[in-house]
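Colleague: All chains should be built: construct the whole structure from the sequences, respecting the hints.
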Amino acid sequence: MRGAPRLIFALACCLAATAVDTVVGQDWPQWRGANRDARATGIATPTEWPEQLTKKWSIPVGVGVASPSLVGDKLYVFARQEGNEILRCLDAATGDEIWKVENEATAIRGPAAGFDGPRSSPTVADGKVVILGAQGLLTCLDAATGASIWSNDDNVGNVPRFATSSSPIVLDGLVITEFGEDREGGIAAYDLSTGKESWKWTDSGASYGSSVQMTIDGVEAIVAPMSDKLVVLAAADGKVLWQMPYTQGRYNAATPIVSDGTLIVAGPNSGMTALELTKQGDEVTEDQAWKNSDNTVIYNTPVLKDGKLYGISNLNSLFCINVEGGQTAWNAPLGGDAPARPQAPPAEAGQQEQGRRGGGGRGGRRGGGGGGGYGSVVDVGGALLALIPSGQLTVFAPGDEYTAIATYKVADAGAYAYPVPSKHGLFIKDQESVTLWATH
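Reading the sequence shown from the start, the letters are residues -19 to -1, 1 to 421 in mature numbering (1 follows the signal peptide of the UniProt record, and there is no 0).
Worth double-checking, as some hints may not be accurate.
To be verified - Computed list of lysine to any residue pairs in SDA-like fashion (alpha-carbon distance at most 25 Å, straight line):
(1) Lys37 with Gln7
(2) Lys210 with Asp135
(3) Lys272 with Gly306
(4) Lys55 with Asn16
(5) Lys210 with Gln194
FYI, nobody ran anything at the bench for these hints, they're computed from the structure.
Modeller: Following this line, the structure appears as structure tokens:
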């Protein structure tokens, strides 16, 4: 643990050291949005979508698949450029750089060497922004100025096979994050203001998925996909409330979905499963509500909207599952060109293994969009957006049948990060740039 990170600090302009804007409905302050459910609120969608989107601005920021985060009019973009991991704070409306912080970072080696850059998305909370580098460096900065608050390098170099990928979550003043290798690691919580360790749990290796918040009988908890199990820990002290064996060949990458007391997860192994968690005394038990074997996801997390799950399967098709009963309502193929293989996400080798074993559908074959299950689905209220790595953005309507609204090309390659919707338009992080697209 260190009080100051190894950072090269630069301010593009003079700013008052005030707290970052309070999170509002239009904000996207962390991985998959305010509630980690990929749902945007307070955003007006057009009654008629245009034939083409308008490019408002685009700037090079470097490689990596960390999704941008948005609070107020500040966009936080985390990427790797010229040997450094760089967090940029941009003016969301113009793309102008407000400040940037550079961290000298060792390049990724091993099976993920062809895919460099951070995977973990910035988390903005209480006037601070927390980033987790690909090699495990945890850093907390002032969100308004970029000034260093604290950093922790205890786990630098001790990372999963395809590098650190989970995104930190902030609950009740604690930064909670996975750490370690895929067979030896755990979860730790640090005081957001000081970086002091609050608790640590060390009974599994790190995965490539991220934790979500869940309340069980009044107890605030996190649900974490680890390398060989799914675990629910009390957020305040790290006490284990529930756990079960859980693996996708140690490549757990999907984020769990929480709906009241129901937990919906990818797999195990194939398909999707809904579990009802109940607390009786000190014990939390689970009952399987349903199992859907039609649609397998590993690297995509579906969106829950009005009793239906919308996602991208490993066969590269959109799907809709009715949450009551778990039956598939529809499937629709996605098109698009395949992305270049060197730009594949960190768990690409894992998918190849799944393919050889037949996981992810018929022989694990890749779909026409080349996504192989990679992609993102976002709920923007009146419509859903599906982005695949080739840069194809599909707009479709929620409902019992698939209804396509529009299709756009928003990137040439490498669009693995989540699209971030806002009042300004849609932010797309592709292979090396971030771009703002608007409907007018």
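Colleague: Can you give the numbers of the hints that this structure goes against, from lowest to highest?
Modeller: none
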